[in-house]
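*Asks:* Sequence:
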Amino acid sequence: MRLIRRIISADAGAKIRELEKIHQKIIIVDNSKYMVGSFNWLSTSRKTNLEEPHYQDNRTIVYSGPRVSQMIEEELKYISYREKSF
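For the sequence shown, my numbering gives the first residue as 146, with consecutive numbering after it.
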């Protein structure tokens, strides 16, 4: 997490929240794009060989369109709830 905090500086206006017991990663861009998934963007192997001993099928899905702001609102409510729960 420290590496991500260094890469995504406060100058970029990014807010980083770390929640307990959640493996998914979420990026919200200007209330117009919502990315969610388990892919470790900075620390995973990019190999796609299923024979690799450490291969995992992690993915990120990017949402945009007319319903994305509603999806973002629901996600932010859930994040707020989780922050208060632990």
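If you are wondering where the hints come from, they were derived from the structure by calculation, not from laboratory data.
There could be a bad hint or two in this list.
[Claimed, not checked] Between beta-carbon pairs, the in silico distance windows are:
1. K229 <-> T205: 36 to 44 Å
2. Y200 <-> L221: 27 to 35 Å
3. A157 <-> E228: 17 to 25 Å
4. I224 <-> N203: 18 to 26 Å
5. S225 <-> Q201: 28 to 36 Å
6. E219 <-> E197: 17 to 25 Å
7. L164 <-> I206: 16 to 24 Å
8. I224 <-> P198: 32 to 40 Å
9. E228 <-> P198: 32 to 40 Å
10. E219 <-> A157: 21 to 29 Å
[As the list claims (entries may be wrong)] Below are the DMTMM-like pairs computed for lysine to aspartate or glutamate, each with C-alpha atoms no more than 25 Å apart in a straight line:
11. K229 <-> E219
12. K166 <-> E228
13. K160 <-> E196
14. K178 <-> E219
15. K178 <-> E220
16. K229 <-> E196
17. K178 <-> E218
We put the beta carbon where it would ideally sit given N, CA and C, even for glycine.
*Asks:* With reference to the structure, classify each hint as holding or not holding.
*Replies:* Hints versus structure:
no. : hint                      : in the structure
1   : K229 <-> T205: 36 to 44 Å : 26 Å, violated
2   : Y200 <-> L221: 27 to 35 Å : 33 Å, holds
3   : A157 <-> E228: 17 to 25 Å : 22 Å, holds
4   : I224 <-> N203: 18 to 26 Å : 20 Å, holds
5   : S225 <-> Q201: 28 to 36 Å : 29 Å, holds
6   : E219 <-> E197: 17 to 25 Å : 36 Å, violated
7   : L164 <-> I206: 16 to 24 Å : 19 Å, holds
8   : I224 <-> P198: 32 to 40 Å : 34 Å, holds
9   : E228 <-> P198: 32 to 40 Å : 36 Å, holds
10  : E219 <-> A157: 21 to 29 Å : 24 Å, holds
11  : K229 <-> E219             : 16 Å, holds
12  : K166 <-> E228             : 11 Å, holds
13  : K160 <-> E196             : 37 Å, violated
14  : K178 <-> E219             : 14 Å, holds
15  : K178 <-> E220             : 12 Å, holds
16  : K229 <-> E196             : 42 Å, violated
17  : K178 <-> E218             : 12 Å, holds
This entry does not satisfy hints 1, 6, 13, 16, going by the numbered hints stated previously.
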